[in-house]
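Based on the hints, put chain U in the right spot on chain L.
Number of protein chains: 2
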Amino acid sequence: MSGLESFVTANRDRMLEELKALLRIPSISTDPAHDADCRRAAEWVGDHLRQLGCPTVEYLASATHPVVWAEGPPAPGRPTVLVYGHYDVQPPDPLDEWTSPPFEPTVRNGDIFARGATDDKGQTFAIIKAFEAVLAQGKPPVNVRFLIEGQEESGSQILFDLLAKEPQRVAADAVLVADTPYYLPGWPAVETGLRGLCYAEINVRTSRTDLHSGLYGGAAPNAHETLVQILAALKGTNGRIKIPGLYELVERPSKEIRDAWGKLPFNERRFMRDEVGAKALTGLTKYSVFERLWALPTFEIHGIKGGFTGEGAKTVIPAEATAKVSLRLVPKQTEKKVQRLLAKAVKAAAPKHADVTVKFIHGADPVVVDVVSRPIELLSQAFKEVEGRGVVPVRSGGSIPIVPELGKAGAPVILSGIGLPDDRLHAPNEKINLEQVWKGARVFGRFFQLMGEG
Amino acid sequence: MSGLESFVTANRDRMLEELKALLRIPSISTDPAHDADCRRAAEWVGDHLRQLGCPTVEYLASATHPVVWAEGPPAPGRPTVLVYGHYDVQPPDPLDEWTSPPFEPTVRNGDIFARGATDDKGQTFAIIKAFEAVLAQGKPPVNVRFLIEGQEESGSQILFDLLAKEPQRVAADAVLVADTPYYLPGWPAVETGLRGLCYAEINVRTSRTDLHSGLYGGAAPNAHETLVQILAALKGTNGRIKIPGLYELVERPSKEIRDAWGKLPFNERRFMRDEVGAKALTGLTKYSVFERLWALPTFEIHGIKGGFTGEGAKTVIPAEATAKVSLRLVPKQTEKKVQRLLAKAVKAAAPKHADVTVKFIHGADPVVVDVVSRPIELLSQAFKEVEGRGVVPVRSGGSIPIVPELGKAGAPVILSGIGLPDDRLHAPNEKINLEQVWKGARVFGRFFQLMGEG
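Chains L and U, in that order, give the protein sequences.
The first sequence lines up with residues 1 to 454 when you count with the numbering used here.
The second sequence lines up with residues 455 to 908 when you count with the numbering used here.
The reader is advised that the hints may include incorrect statements.
[Stated by the list, open to error] Straight line, CA to CA, 30 Å or less: simulated DSBU-like cross-link-like pairs of lysine-lysine:
(1) L:Lys314 x U:Lys790
(2) U:Lys474 x L:Lys242
(3) L:Lys314 x L:Lys344
(4) L:Lys384 x L:Lys255
(5) L:Lys347 x U:Lys696
(6) U:Lys791 x L:Lys314
(7) L:Lys347 x L:Lys242
(8) L:Lys344 x U:Lys733
(9) U:Lys790 x L:Lys344
(10) L:Lys279 x U:Lys801
(11) U:Lys801 x L:Lys314
(12) U:Lys813 x L:Lys314
(13) U:Lys733 x L:Lys314
(14) U:Lys733 x L:Lys359
(15) U:Lys801 x L:Lys286
(16) L:Lys242 x U:Lys790
(17) L:Lys279 x U:Lys696
(18) U:Lys768 x L:Lys408
(19) L:Lys286 x U:Lys768
(20) L:Lys314 x U:Lys740
[As the list claims (entries may be wrong)] Covered stretches of chain U (in silico footprint by chain L; criterion: 3 or more residues with CB under 8 Å from a CB of chain L, positions within the stretch not fixed):
(21) 645-658
(22) 681-692
(23) 850-859
Worth flagging that the hints you see were computed from the coordinates, not collected in a lab.
Treat the numbers as computed from the prediction; the structure is a model and nothing was measured.
Even glycine gets a Cβ: it sits at the ideal position worked out from N, Cα and C.
The following block holds chain L by itself, in its conformation from the complex (with noise of 0.2 Å):
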C-alpha cells in the first residue's frame, strides 16, 4: 500500500465529516438571498487550505462571491499546477424530489447525496484532500495552487474580470479541473474539448396589432408564421442546419480520435431509449453519436413566444413571435463568427414584408484541449495506477465559459473528475460516490507528485 493510499484509508472518517462540513453550506450563487452562504463557503475553502499548510490564502475581486487563492508550500525548482473549482452550487429545485434534504449530506449505499456533492464541491475536494494527503508524505514535489470561484452556476463574470487584470493568475505547468465524470464506472476520462454556444431571440413583427382572423385571415400577415418559415428554412428535415458558411468552419476530429470514440463502449440503444427516451435518434446520421454531440455544431429551438396560448381557441392573427434558440459550437466556430452567419441566415429567409431582428443574450467560444500534452500523459498514469485505466478522451458536448481563459498563459488544462454520469448534477438527488472521492484523492495526489518528477 502505497503512503498516499495508507494516508487517505486511515482519514477517511474524518475527511467525511470534513466533506459534510462544506457540503451543509446552500451556496446557490444564482440566488442572492444565499450571498451570505456563498462567502461562507469561500471560507471554508479558504480556512481549510489554511490549516492544511498553504502560507498564502486571499479573497479576490468579491466581498459576496470572492474566489479564493491559495498557494500551497513553495516546492523551488519544481513545476507548478493551478487547481481550478468552484464552491458555488445550483439551486436545490424541487426540492420534493429529494429523498434526502439537499443540504443535510446523508450517505446511502456508498453514495454522499447533497447539492454540489459532485458539482462541484466534491470533487474540488478530492483535490484537496490530494494536496494535503501528498503534503503528509514530506516535502512539496510541485507549487499548488488553488483558484476556487464561486459563480460557476451564474457566470463566472467575476473571474473573467479579475484574470482579465490578473492575468498570470494562471501561469503554471498545468491546470488541473476536476468538473466532469468519468466515461463509465471503472473508465476515468479526459475531456478534449467543449462545445461552444451562441444563445439568441429570433423576433418577427408583421402587423400593428394582433387581428382578428375571421376579418383579415387570408391577406393579413402572420408573425408566427413567417417565425415557421424562416426556422424551417434554417434546418431540414434531414438535420442538417443550413446556415451558409456554419459547416465550413467545422474542424472535424482526426481519424486517431474518432478511432478512439469508436472503442468507447456505447450501447447506442440503450442511450436512445434510457438516457434521451426518444423513439430515434436524430441529427446527421451519417456521423456517430459521439461525433453529433461532441464535435457537431446544433441549432435547437428552446421555445416560441407570443400569440395566444391559453385555454381554449382564440382566433388571433399574432403582430409578432419571437423564438429562442441556440446553436452548440465546435472548433473553430467561434461565438462572433457563428453570430454574423445566424444573423446573416434569418435575414435571407426572411420575407421583406416583416421586420425580423436577431438578438444574442448568451455565449461562449468552442475549446479543444491537446490530448498528448505531458500532463495529461502523468495524469493518466495516475489513474493506471490507481484504477487499473488510464483516461479515455472523450469530448462534452455542453459548454465551460471560464475554461478558455485558464489555458491563456499557455498551460494545458486538464478538464478531468472523479465523478460518475449518473451523479445527477444539476437535478434532485445529486451524489457523488465515496469511493470515487477517496481514490481521487489518491489519484490526483499521485499526479502531484508524478508532475513533480517531471
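Positioned in the frame of chain L, the structure of chain U alone reads:
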C-alpha cells in the same frame, strides 16, 4: 315624410333614453359574475316587447341566460318574419382605454358609446323600434317573432339545445339578423356568406422529458423543431395551404358575385396600411382581397406552447410542443370534412419518431345565403327608399355558428345590419351612430310593410 319617419322623428328623445337603459346593463355572458345582469337584460327586452304590444313573451331554456321569445300581434294570412338578435355583450377590457365608462352610455358627435352599442343591443333595438313604428301605423302587416338570445358571445349553447328540441321556432318566411355592419357609410350591405371554422391543437412529443442541449444536442429530437417542420409543411411561403383535398372543396363564387365585389369602393393600399397595419398583404395574391377574405380558406397559427420562453437563456431541448391553429372554411368545406383532411395532412408531415396528435376544440360550418331571395329584394328596396342605395352583397370572413340553425326550416336568413365599419365591436370605445339607429328603425319597419304587401 312617411308615417314611419314621422314616428321615429317624433319619438327620438324617448327612444334614446330607452336605448341607454338597455346599454347600462352589463350583460357580459362570458363572466358568471354577470349572470344576474344577463337575466336583467333579457327581462328588459321581454318587458319592452310586451309593452309594445306582444301578447306572448317567454323566457326559455335558462334561468340566467334565457332566450327571449316574443310574438307580435297576429296578422292572419300574412307572412312571418323571425327576428334574431342577442342581448349579451363582450367583456369591456381593457377598461383604461375607454374614453367614457363602457356601461355609462355617452353621446358624442352623434355616436353613442357603450359596450354592446353595435354588437348587438343597438342593432336589435333598431328592429324593435321598427316594430313599434309599424304598429303605430295601424294593423300589423306581418307576423313578427323575436328570438333574442343571451349567449352569442359565449357559444350559443342554450339556443342550439333549444332549437334542437323545438325546431319549429325558426319556421318563418324570413329570418332577419342585424348583427353586421354597412360596407361603408351610405352603403348598406347584405352578408351572403360567412366562413366556417376548424380550430385545433397540434401536439408533438419527442422525448420523455426536456433534455440539456449541451449533453444531447445533435442526437436527441426536438419537439419544437418537429412542430415547425409540420407547420411549414402545411402552408407554403406563397400562401398556399398544403393540405391535400382542401382546395378541391372550395366552391368559387360566381363571376357575377366576384364582379359585384369588384365594383365595391376599396383602396387596397389604405386597407393594408390603416386597417391591417402591415407592409404587405399576403395569401393567394392572384385572387382579389375580397376573395381571399370571404371565399378562400385560411390556415393560421395562433400560438405555440412549450419549451422555454422566459427571460434569459435556458438551453433546453423541449420534449413537447403544442400549436394552436385554425382554418376558416368556405363552401363546401364542412368542419367535419376539414377535420379529416387536417388530421391526415399532419400525420403525413410527422416524422415516425414523434408522437403527434390533433385535437379539435371549436368550429362552425360555412354559410352561404342565396342573395336573390324575395325577402332580400324587399329589404334592399327598403334601404333604397330610406338610404338612397340598396344593399351590396358582401361576405364576412368571420363565423356565426348559430346562423345555419336559423335557416334550417327553409326561411331565407338575411344578415344585414345598420352598424358602420368603425364601430369597434369587441374593442374599447364601441359605439353605434344614432342616425344609423333611426334610419334602421325606418328601414326595418319598411321591410315589415313590404313583406306584408308580398
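Hints, one by one, checked against the model:
1. This hinted pair checks out: Lys314 of chain L and Lys790 of chain U have alpha carbons roughly 20 Å apart, not beyond 30 Å.
2. The straight-line distance between the Cα atoms of Lys474 of chain U and Lys242 of chain L is roughly 62 Å, outside the 30 Å bound, and the hint therefore fails.
3. For the suggested pair Lys314 of chain L and Lys344 of chain L, the alpha carbons sit about 34 Å apart, so the restraint of at most 30 Å is broken.
4. Annotation: proposed proximity of Lys384 of chain L to Lys255 of chain L holds, straight-line Cα distance about 25 Å (limit 30 Å).
5. This hinted pair checks out: Lys347 of chain L and Lys696 of chain U have alpha carbons roughly 25 Å apart, not beyond 30 Å.
6. Among the hinted pairs, Lys791 of chain U with Lys314 of chain L is consistent with the structure: their alpha-carbon atoms are about 22 Å apart, no more than 30 Å.
7. A distance of roughly 13 Å separates the Cα atoms of Lys347 of chain L and Lys242 of chain L; the hinted pair therefore holds under the 30 Å criterion.
8. Under the criterion of a C-alpha separation no larger than 30 Å, the hint pairing Lys344 of chain L with Lys733 of chain U is consistent with the structure, at around 21 Å.
9. About 43 Å separates the Cα atoms of Lys790 of chain U and Lys344 of chain L, which puts this hinted pair outside 30 Å; it is violated.
10. A distance of roughly 16 Å separates the Cα atoms of Lys279 of chain L and Lys801 of chain U; the hinted pair therefore holds under the 30 Å criterion.
11. Between the alpha carbons of Lys801 of chain U and Lys314 of chain L the distance comes to roughly 24 Å, so the proposed pair stays at or under 30 Å and holds.
12. About 15 Å separates the Cα atoms of Lys813 of chain U and Lys314 of chain L, which keeps this hinted pair within 30 Å; it holds.
13. Between Lys733 of chain U and Lys314 of chain L the alpha-carbon distance is near 24 Å, which keeps this suggested pair within the 30 Å criterion.
14. This hinted pair checks out: Lys733 of chain U and Lys359 of chain L have alpha carbons roughly 22 Å apart, not beyond 30 Å.
15. This hinted pair checks out: Lys801 of chain U and Lys286 of chain L have alpha carbons roughly 26 Å apart, not beyond 30 Å.
16. Of the supplied pair hints, the one linking Lys242 of chain L and Lys790 of chain U is violated, its CA atoms being roughly 38 Å apart against a limit of 30 Å.
17. A hinted pair counts as satisfied when its Cα atoms are at most 30 Å apart, and Lys279 of chain L with Lys696 of chain U qualifies at roughly 27 Å.
18. Distance restraint check for Lys768 of chain U and Lys408 of chain L: the Cα-Cα separation of roughly 28 Å lies within the 30 Å cut-off, and the hinted pair is therefore satisfied.
19. Taking the CA atoms of Lys286 of chain L and Lys768 of chain U, the gap is near 29 Å; set against the 30 Å cutoff, the hint holds.
20. Annotation: proposed proximity of Lys314 of chain L to Lys740 of chain U holds, straight-line Cα distance about 29 Å (limit 30 Å).
21. Under a criterion of three residues with beta carbons nearer than 8 Å to beta carbons of chain L, the stated coverage of the region 645-658 of chain U is upheld, 3 such residues being counted.
22. Figure legend: the region 681-692 of chain U, annotated as covered by chain L; annotation consistent (6 residues with Cβ-Cβ distances under 8 Å, at least 3 required).
23. For a cut-off of 8 Å, the count of residues in the region 850-859 of chain U with a CB near a CB of chain L stands at 4, and the three-residue condition holds.
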